[in-house]
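Produce the complete structure using the sequences and hints provided.
This is what each chain is made of:
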Amino acid sequence: MAERNSSRRRQSNNENFMDYSLLFIVLFLLGFGLIMVYSTSSYEANLEWGDSAYYLKKQLFATILGLVAMIFVANIPYHFWERFAVIGYIVSVVLILLIIPFGRESHGAKRWLYIGPLSLQPAEVAKLCMILFLASMICTMGKQIRHRKGFWMVLLVPMPIALMLWRITQNLSSAIIVVGIAVLMLFVSCPDYKRFILLAVATLAGAVVVVFVVVQMAANQADSLDFRGARILAWLDPEAYASGKGFQTIQALYAIGSGGVLGKGLGQSMQKLGFLPEAQNDMIFSIICEELGLFGGFAVIIMFILLIWRCMVIANNAPDLFGALLVVGVLGHIAIQVILNIAVVTNTIPNTGISLPFISYGGSSVMFLLIETGLVLSVARGIRLKDL
Amino acid sequence: MTQETSHLHKTYHRSKTVTVMFLCLLVFAVLMGRLVYLMVFQSEYYTMRAKELHERERSIKAARGRIIDANGKVLADNKTVCTISVIHSQITDREEVIAVLCKELGLSEEYVRKRVEKYSSIEKIKSNVDKSIGDAIRSYDLDGVKVDEDYKRYYPYDSLGSKVLGFTGGDNQGIIGLEVIYEEYLQGEAGTILTVTDAKGVEVAEEGEERVEPVEGQDLYVSLDMNIQSYATQLAMQTMETKGADSVSILVMNPQNGEILAMVNVPEFNLNAPYTLPDTVDSDSLSEEKKQELLNGMWRNGCINDTYEPGSTFKIITAAAGLESGAVKPTDTFNCPGYIMVEDRRIRCHKVGGHGAEDFVQGTMNSCNPVFITVGMRIGVERYYSYFKQFGLLDRTGIDLPGEAGTIMHNVENIGPVELATISFGQSFQITPIQLAVTASSIVNGGRRVTPHFGVKVADADGSNSHVFSYPVRDNVVSEETSETMRYILEQVVAEGSGKNGAVEGYRVGGKTATSQTLPRGSGKYIASFLGFAPADNPQVLAVAIINNPQGTYYGGQIAAPVVRQLFENILPYLEKMDYNRT
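Sequence lines, in order, name chains A and B.
Residue 196 in the numbering used here sits at position 196 of the first sequence, with consecutive numbering throughout.
Heads up: take any position in the second sequence, counting from 1, add 388, and you land on the numbering used here.
Be aware that one or more of the hints could be misleading.
[Said to hold, decoys possible] Partial chain B-side listing against chain A, Cβ under 10 Å, derived:
1. Tyr400
2. Arg402
3. Ser403
4. Lys404
5. Leu413
6. Phe416
7. Val418
8. Met420
9. Arg422
10. Val424
11. Tyr434
12. Met436
13. Ala438
14. His442
[Stated by the list, open to error] Which chain A residues stay away from chain B? Per the calculated CB distances, all over 12 Å, these:
15. Tyr20
16. Ile35
17. Ala85
18. Gly88
19. Leu95
20. Leu98
21. Ile138
22. Trp166
[Stated by the list, open to error] Listed next, with one range per pair, are the computed distances between beta-carbon atoms:
23. Gly558(B) x Gly265(A): 36 to 44 Å
24. Ser520(B) x Asp237(A): 36 to 44 Å
25. Thr399(B) x Pro277(A): 22 to 30 Å
26. Thr399(B) x Lys194(A): 15 to 23 Å
27. Ala242(A) x Phe410(B): 35 to 43 Å
28. Val201(A) x Tyr425(B): 25 to 33 Å
29. Thr399(B) x Phe84(A): 23 to 31 Å
30. Gln430(B) x Ala219(A): 25 to 33 Å
31. Leu47(A) x Ser673(B): 51 to 59 Å
32. Gly558(B) x Val208(A): 23 to 31 Å
33. Ala661(B) x Gly265(A): 24 to 32 Å
34. Asp531(B) x Gly265(A): 28 to 36 Å
35. Thr399(B) x Leu163(A): 33 to 41 Å
No wet-lab data here; the hints were simulated from the structure.
Ideal Cβ positions, reconstructed from N, Cα and C, are used throughout, including at glycine.
If you want it as C-alpha cells, here you go:
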C-alpha cells in the first residue's frame, strides 16, 4: 500500500505525463485526414460552394474543438466521469428521441440535431455514453459478471439504444457499433470463452441465413425487397446493380483498383471528380487507395493497428478495471469502425454507412473520437511508470 | 478492497485484451489481403473500367479515298458534312435541345427524346447532316450539343455508273459496288479525340486531350472511262425508251487485259440519294420489307448479279470448242432443212424454210441452229463439258464487284442428246453477261482467259505509295489458230451475216447476235443481245449489249447490233485518239 501511495505521489508530481505515442498517432491520423478531406472534397466543394476549402474549414474547426475537448478530458481524472454514467445513458436516449421532432434530414435519413450553427449526431454521443455506462456497470457488478444473469444484463443494456439508433435514425451501422462495443467490453471483463464463440457462430450463421433468404427472394420476386435486401444483392454482384445500389460500391472499387501499387499521386484521383459522390465521407479510404496506392492503404491500416496496440497497452496497464474497460471500449469503437469501413469500401461486406475514424469528414464523429482519446490519455496518466 | 480479486480480474482481462488485439490483427490481415487482390490482381480490370468511365471518345472520320477514272476524272469524292451529338450531362435545357434538334434535323420527337434522355457520355443524333444545317444548329449555342464536321461521300455524276461504283452508308462504309470491294483501301483509319471528363462530363483541362489523327483512305484508280460510260448510258437509255424495254445493259471491256471501260445497267439510280425509289413507285404505302426489296432490285447490277440464257451469242463457244476439238472445220458443209431431229425431238431452225446447203462459216453467219446442234453432237457430251470447263464457264470470272452470280448448268450426268443440242445454241443453262464477255474475249484474244476488273491501282492522295493491282491470266484456253479462225468467222458474221447491223464503216468489227426467249417459254418475252469486238483482226475493245424484254421487234440482229454499232462509231475513233493500245 505504501509503495503504491508513494508512486501515485510521484506521478502526480509529474503533471505532464502523457502517452506520447498514442498522441502522435492520433495527431498524425488527424493531419492526414485533413489533407485527404481537402483532396477528396475540394473539386466538388468548389463546384457547389465556390470554395474549394469549404469542407476542410469545417473539418478543421471541428478538429480544433475536438482537440481542446481532448486536452480538457485528458487532464481530468477519469473517475470523475463515473458519476455521469446513468445520466449519460439517459441523455443518449433523449437525444435520439429528439431526432423525431427536431432532426434534420440528409441523404434520406434523419440523423442530425442542430444547435445553432453546430450539428450533432446523437449516435456519436450514444457510443461514448455507452462505453462509460458499461464500464461503470461492469465494475459495479464485480463477480456477478461471471454468471449467466450478469452476462445477459450486459448484453441487454445497449439493446434499447441500438434499436432506437436503427429504427429512429435509420442508422444500422451505429447500432452494430454500439452492440459491438458492448460485446467486446463484456468479452474482456468475463473470463469465459465458450459463450463468445457460440455468440460469434450464431451471428455468422444468422448472417448466412439472411443472405441466403435474400438471394432466394430475389430469385422469386425481385420487387418485394427492401433497401437493405437490395444492398445484399448489390454486394454479391455490384456490377449488376451498377446504376442503383451497387453504384457507390462499384465507383469505390474503380478507385481502389485503379490506384494500383503506387497510386496516382496525392490529389490525382479521378474518381473524386463526381464519380464517387461525397468521396470525403464514408468512401474516403477508396480515394486514399487511388491516390496513394496499396502502400498508402497499408500505411493507414498500420497506423490504426498501432493505435489499437497503444490502447491495448494502456488498457492492460490501467490502474483499475474501470480505466481498463474505458480504454477497451474506445479500442473496440475505433477497431470496429475501421474494420467495417474498410470492409465496406473493398466490398468485403454489404454496403452500410460507416465513416473512417479521424479521417472521414464529419464534425461530430471527430469530436467525440477526440473526447474518447482524451479519456484514454487520462487513463494512461494513471499508470505507474514502474508497471510499464 | 480485495487486492487479490482485483489482481485475478486483471490477469484474465489482460489476456483477453490481448486476444482482442490479435483478433483485430487477423481481420486487418484479411482486409489487407483483399486490398492486395483488388489493387494488384484486379488492378488492370478496374483501371480499364475507370478509364472507360472517365474518357469521352469522339471519333474523327477519315476522308475516304476518291475513285478516279481512266482519264483522271473523280467519280466519287468527299464533301464536308456534320455529325450532331449530345452530351447528356452538359445539357442544361433539355426541352429546348429536343425542340431545336427535331426542327432542324426533321426527326421525330420520340427519336430525339430517347437519345437526349439516355444517360451516356456522348450520344449521336444524326450523321451526314448538311454543313448549312450544322452551322444553323451551332448558332443556337445550346449546351451539350456537339456539331462535329466530317466527310460525306459525294458522287459528281449522280447516277453514272451507279451500280458499279456503289455508295456508302452513314459511317462512310461501302454498301455495294467498288465501294465495298476496295473498302480496305478507301476507308482509311478513323482518328479519335479522347477527353478526360469529370462525372458531369466537364472536360478536365489539365489532363489535356489525346488526339489520334485519322489516316486518309487511298484513292482508287479504275479502268472505267467516264466518256465511254456516259455515252453508253445515253445509248442504253435511248434504246430502253424507244424499244420499251425493261432494262438495257451495255458492257465494254478490253479483251486483251480484262479492263472494263464501261458497265451500264439502265435504269441506274442516283448515288447521292441511293435510298430514294424511282418516282413511279409510291414508296410511302410500302412496308419496310417491301421497300428494301425494291431497293435491292434497284441496286442490282444486271451484268454480274443476274444470269440469263445467252442464246446464239453462245454459238461462239460451241464453234470454238468444235474447231479446237477438230470436230468441225470451217469448210465442212451442212444442210439445213429448217429443223433437225434429235432423238425423237424435232428442233426447229429460226428460218422456217431452212438455210439449205451451207459451210460452217456460212452456218455461223446465218446463226443456223441445225449446224451448231450437229457440231455439238460431233463433239459429244464428255468433250463438250470439258471445254465448257476449260473455257472457265463453270467458275466465276473473279470480277472486282460483289455478288457475282455463278453459272447455272446441268450436271454432266444429266446431259442427254437433247440437252447437248440446246446447250450448243445457248439454251437450257444460264450465265452472266460478264461471263459471256470474258469467255468470248479469251476466244478472240488468242486463248488467254483474263480476269475482268475495274481496279487498276491505289495510291495516296498525292499519288505516292501507289500499289498496282495484278490479275490472274490463264493461257491456252484455245489455241492461237482456233482464235484466229474465230476472229475471221465472227468478222464474216458482221460483214455479211446476221450481224451486219453491227458493222462500222472504216473498222473491222467481229460479232454475234442473239435472240433468246426468256423462261417460261411462250411468255412472249425476249432478250435481244449482240456481242461485238474491234478491230476484228486484233481486238482491242469488246462490247456486249443486252436488251431485256423489248416491245415490237425483238431480234438481236435488228435492235441490239445497232446499239453496239453506234457505240463503236463513237468510241473507236476516241480510243484511237486516246492511244488506247496500252497493252
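How the hints compare with the structure:
{"no.": "1", "hint": "Tyr400", "result": "holds, 5 Å"}
{"no.": "2", "hint": "Arg402", "result": "holds, 5 Å"}
{"no.": "3", "hint": "Ser403", "result": "holds, 9 Å"}
{"no.": "4", "hint": "Lys404", "result": "holds, 5 Å"}
{"no.": "5", "hint": "Leu413", "result": "holds, 7 Å"}
{"no.": "6", "hint": "Phe416", "result": "holds, 6 Å"}
{"no.": "7", "hint": "Val418", "result": "holds, 8 Å"}
{"no.": "8", "hint": "Met420", "result": "holds, 6 Å"}
{"no.": "9", "hint": "Arg422", "result": "holds, 5 Å"}
{"no.": "10", "hint": "Val424", "result": "holds, 7 Å"}
{"no.": "11", "hint": "Tyr434", "result": "holds, 2 Å"}
{"no.": "12", "hint": "Met436", "result": "holds, 9 Å"}
{"no.": "13", "hint": "Ala438", "result": "holds, 4 Å"}
{"no.": "14", "hint": "His442", "result": "holds, 5 Å"}
{"no.": "15", "hint": "Tyr20", "result": "holds, 20 Å"}
{"no.": "16", "hint": "Ile35", "result": "holds, 20 Å"}
{"no.": "17", "hint": "Ala85", "result": "holds, 19 Å"}
{"no.": "18", "hint": "Gly88", "result": "holds, 23 Å"}
{"no.": "19", "hint": "Leu95", "result": "holds, 29 Å"}
{"no.": "20", "hint": "Leu98", "result": "holds, 34 Å"}
{"no.": "21", "hint": "Ile138", "result": "violated, 10 Å"}
{"no.": "22", "hint": "Trp166", "result": "holds, 23 Å"}
{"no.": "23", "hint": "Gly558(B) x Gly265(A): 36 to 44 Å", "result": "holds, 43 Å"}
{"no.": "24", "hint": "Ser520(B) x Asp237(A): 36 to 44 Å", "result": "violated, 50 Å"}
{"no.": "25", "hint": "Thr399(B) x Pro277(A): 22 to 30 Å", "result": "violated, 50 Å"}
{"no.": "26", "hint": "Thr399(B) x Lys194(A): 15 to 23 Å", "result": "holds, 19 Å"}
{"no.": "27", "hint": "Ala242(A) x Phe410(B): 35 to 43 Å", "result": "holds, 38 Å"}
{"no.": "28", "hint": "Val201(A) x Tyr425(B): 25 to 33 Å", "result": "holds, 26 Å"}
{"no.": "29", "hint": "Thr399(B) x Phe84(A): 23 to 31 Å", "result": "holds, 30 Å"}
{"no.": "30", "hint": "Gln430(B) x Ala219(A): 25 to 33 Å", "result": "holds, 27 Å"}
{"no.": "31", "hint": "Leu47(A) x Ser673(B): 51 to 59 Å", "result": "holds, 55 Å"}
{"no.": "32", "hint": "Gly558(B) x Val208(A): 23 to 31 Å", "result": "violated, 54 Å"}
{"no.": "33", "hint": "Ala661(B) x Gly265(A): 24 to 32 Å", "result": "violated, 55 Å"}
{"no.": "34", "hint": "Asp531(B) x Gly265(A): 28 to 36 Å", "result": "holds, 32 Å"}
{"no.": "35", "hint": "Thr399(B) x Leu163(A): 33 to 41 Å", "result": "holds, 35 Å"}
Checked against the numbered hints listed earlier, the structure breaks hints 21, 24, 25, 32 and 33; every other hint is satisfied.
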